[in-house]
Amino acid sequence: MKKMKEAGGILLLIIMLFISLTACNSKKTEDATTTQDQEATQTADQEKTEDDKEEDGKTEEGSSDTTTKESGDGTSIPRQETLYMSGLQWGAINDMNPLSANSNNALVIDQADQARTTVWETLFMYNQLDGKLYPLLATEYEQKDNVFTIAMNTDAKWSDGKPVTAKDVAYTFNIHKDMATNHASMWDYIASVEATDDATVVITADTANYNPLKVLEVLPKLYILPEHQISELVKKHNGDPDKVKTDKNEDYIGSGPYQLFYSDETKVVLVRNDNYWGQSDSMWGQLPVPKYLAHNIYADNNSSSVAFQQGEVDVTQAFTPEIWKMWEEQDLPVSTYIDEPPYYLSGSLPTAIFNTTKPGLDHAVVRKAIAMATDYDQIAKTAMSGYTPLMQDVPPSMMNPTAAEQSLLDKAALAPLQWSGKQIEEAKKLLDEAGIVDTNGDGIREADGTELVFTVECPAGWTDWNASLEMVAAAGQEIGMDITTYFPEAPVWTEDLQTGNFDIIMNTYAGASIANPWTRIYQTLYSDGGTTAGNDRVYYNYSRYINERADDIIDAIPKTTDKNKLIELYTEINQIYLNEVPCFALMYRPVFFHTVNETVWTSYPEYEDGTNIPPSILISGYGIAGLYNLELVE
Numbered sequence: 001m002k003k004m005k006e007a008g009g010i011l012l013l014i015i016m017l018f019i020s021l022t023a024c025n026s027k028k029t030e031d032a033t034t035t036q037d038q039e040a041t042q043t044a045d046q047e048k049t050e051d052d053k054e055e056d057g058k059t060e061e062g063s064s065d066t067t068t069k070e071s072g073d074g075t076s077i078p079r080q081e082t083l084y085m086s087g088l089q090w091g092a093i094n095d096m097n098p099l100s101a102n103s104n105n106a107l108v109i110d111q112a113d114q115a116r117t118t119v120w121e122t123l124f125m126y127n128q129l130d131g132k133l134y135p136l137l138a139t140e141y142e143q144k145d146n147v148f149t150i151a152m153n154t155d156a157k158w159s160d161g162k163p164v165t166a167k168d169v170a171y172t173f174n175i176h177k178d179m180a181t182n183h184a185s186m187w188d189y190i191a192s193v194e195a196t197d198d199a200t201v202v203i204t205a206d207t208a209n210y211n212p213l214k215v216l217e218v219l220p221k222l223y224i225l226p227e228h229q230i231s232e233l234v235k236k237h238n239g240d241p242d243k244v245k246t247d248k249n250e251d252y253i254g255s256g257p258y259q260l261f262y263s264d265e266t267k268v269v270l271v272r273n274d275n276y277w278g279q280s281d282s283m284w285g286q287l288p289v290p291k292y293l294a295h296n297i298y299a300d301n302n303s304s305s306v307a308f309q310q311g312e313v314d315v316t317q318a319f320t321p322e323i324w325k326m327w328e329e330q331d332l333p334v335s336t337y338i339d340e341p342p343y344y345l346s347g348s349l350p351t352a353i354f355n356t357t358k359p360g361l362d363h364a365v366v367r368k369a370i371a372m373a374t375d376y377d378q379i380a381k382t383a384m385s386g387y388t389p390l391m392q393d394v395p396p397s398m399m400n401p402t403a404a405e406q407s408l409l410d411k412a413a414l415a416p417l418q419w420s421g422k423q424i425e426e427a428k429k430l431l432d433e434a435g436i437v438d439t440n441g442d443g444i445r446e447a448d449g450t451e452l453v454f455t456v457e458c459p460a461g462w463t464d465w466n467a468s469l470e471m472v473a474a475a476g477q478e479i480g481m482d483i484t485t486y487f488p489e490a491p492v493w494t495e496d497l498q499t500g501n502f503d504i505i506m507n508t509y510a511g512a513s514i515a516n517p518w519t520r521i522y523q524t525l526y527s528d529g530g531t532t533a534g535n536d537r538v539y540y541n542y543s544r545y546i547n548e549r550a551d552d553i554i555d556a557i558p559k560t561t562d563k564n565k566l567i568e569l570y571t572e573i574n575q576i577y578l579n580e581v582p583c584f585a586l587m588y589r590p591v592f593f594h595t596v597n598e599t600v601w602t603s604y605p606e607y608e609d610g611t612n613i614p615p616s617i618l619i620s621g622y623g624i625a626g627l628y629n630l631e632l633v634e
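Residue numbers (UniProt numbering): 1 to 634.
Derived from the structure by calculation, the hints contain no laboratory data.
Keep in mind that the hints are not guaranteed to be accurate.
Mimicking SDA-like on lysine to any residue, the simulated pairs with C-alpha atoms at most 20 Å apart in a straight line are [to be verified]: (1) K162 to A199; (2) K559 to L213; (3) K325 to S385; (4) K267 to G91; (5) K144 to T560; (6) K428 to T484; (7) K267 to S280; (8) K132 to D528; (9) K245 to Q229; (10) K358 to T485; (11) K411 to Q392; (12) K422 to L390; (13) K144 to L566; (14) K167 to D197; (15) K157 to E227; (16) K358 to D448; (17) K245 to V234; (18) K428 to A364.
The following label-pair restraints were derived from C-beta to C-beta distances [said to hold, decoys possible]: (19) A191 to S407: 31 to 39 Å; (20) D339 to T207: 44 to 52 Å; (21) D264 to D377: 40 to 48 Å; (22) I444 to K565: 26 to 34 Å; (23) K565 to N209: 36 to 44 Å; (24) K411 to V633: 38 to 46 Å.
These numbers were taken from a predicted model, which means no experiment stands behind them.
Using N, Cα and C, we set each Cβ at its ideal position, and we do this for glycine too.
Produce the complete structure using the sequences and hints provided.
Structure representation (structure tokens):
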């Protein structure tokens with residue numbers, strides 16, 4: 001239930017009347033869509049010249065001329081046609097290049113597990129609520145052994161009017177390999193990608209390194225690109241990967257519902273493509289409701305928050321402490337996805353990681369005692385403003401607290417091994433029974449003659465993490481250990497994490513995706529990321545934990561299709577985790593701090609509202625479905 005307070009109704013009516021009149025006065029009569037879809041990146045420095053803007057207006061053969069712009073400076077877009085966002089873009093965008101490794105265009109380019117599909121689109125969309133894939137450029141896929149056959153939506157078209165075909169898909173996969181992009185590693189698991197006809201793609205997984213989850217992971221993540229445009233970009237730079245990846249790609253073509261309308265150092269505006277193919281009955285059956293998506297570039301989070309409270313921003317991703325005060329004390333028309341704690345949908349597990357090679361921390365009992373003694377309720381309150389389920393409600397494991405992941409566990413089998421936090425006496429007893437006691441009377445326990453003196457580390461200024469590690473340090477003090485915090489600059493933390501120069505360090509493994517919880521467990525426990533690979537520098541399994549049985553289970557899960565067998569494997573791997581405690585999650589953190597202000601727009605997705613739309617700020621993954629349900633506040 002949205003928190004639209006009756007007490008503020010009259011005031012809001014007056015405000016809305018004023019906004020409506022202002023918007024009507026400023027509205028222009030010309031349609032404004034361009035023929036090019038651009039992927040937005042985030043570094044600064046690109047402001048288009050007038051010549052560039054004229055070039056953007058050119059249409060290719062077969063396209064509709066929909067390039068007339070409503071405003072040359074992007075300042076007079078109608079408020080009641082615009083969905084304003086915040087918390088994503090903190091500087092001028094730097095390119096529209098989905099092959100780039102350093103794009104900063106947050107409204108457009110984010111080829112992550114819940115990809116942002118405003119300008120370019122993926123084959124499928126991931127829905128964190130049920131852990132499933134939903135059709136987008138593709139309608140369905142079938143897996144038989146190591147072969148994935150994908151059917152394309154034959155209604156799909158590029159913004160220049162040309163069809164999106166299976167050949168574009170095959171080209172996209174191969175160009176990432178040829179250009180050695182950040183996504184080229186998908187070829188570690190793929191043998192070939194071929195278009196058998198215009199509407200059918202066949203992906204053959206590598207049999208020597210067979211992992212169907214890593215193939216599926218790509219389908220909702222990778223933007224499909226137009227061969228007829230990207231091939232010209234490659235030709236322009238004579239196939240030089242570095243030049244291709246750093247090109248601003250101003251002549252972009254996309255397939256998504258929006259395209260770049262305006263950008264400078266103060267704002268980014270996307271405009272709806274009213275010829276968008278997704279209005280066909282085979283997809284959404286209509287256009288998205290807002291004509292414009294806009295993101296003002298604020299100096300800091302406080303400025304963004306003020307604009308949100310004033311109704312100048314509709315959807316924010318910015319972390320705001322004690323969000324409930326906006327409706328309980330300020331009587332603002334503000335809503336979160338869930339109307340009560342934890343308010344947001346959790347999607348990642350920020351984790352305290354033990355260096356299991358360090359004396360003292362090479363004892364599982366020491367690691368478990370610290371995990372048991374940590375006050376998770378206080379972390380939830382002080383570090384996360386209550387935006388995390390409590391440990392006693394969702395006991396620890398390597399799984400997100402979503403129904404999809406929790407259904408993969410035999411909870412009764414795990415219960416005897418789990419902790420709820422602040423179990424000081426139980427932790428002391430555990431250490432005493434293991435003979436890890438204070439033998440010299442200085443108040444600090446010893447293990448094998450080594451005093452239990454450790455530091456806990458994360459970057460300075462990461463306030464929620466800093467507060468969490470203060471709780472870990474306090475827990476150690478209460479059970480006879482000397483644990484102190486260490487908050488260096490982020491580059492130092494990264495170096496320490498990868499080289500093992502730490503005692504206890506904080507990091508987050510993989511969040512929510514079609515390949516999780518497997519990817520998260522792989523990154524947490526698989527020995528190949530540690531010293532068994534002969535690496536001085538590692539990029540996962542930062543605890544340097546080695547367990548052959550854990551490796552066997554992790555190898556088996558991607559190849560297992562029987563649900564009961566999967567539950568058995570996921571339960572066993574979590575039993576190893578809870579017994580050995582190479583690390584422990586400190587909280588369940590939202591992927592998106594999806595918060596809305598209903599001054600202008602309403603009918604946002606809500607928890608258990610029957611729509612099954614996740615709270616991914618209306619532009620990521622299946623969350624983009626929310627753009628088709630919005631209504632103006634009357």
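Indices of hints not satisfied (ascending)
7, 8, 22 and 23
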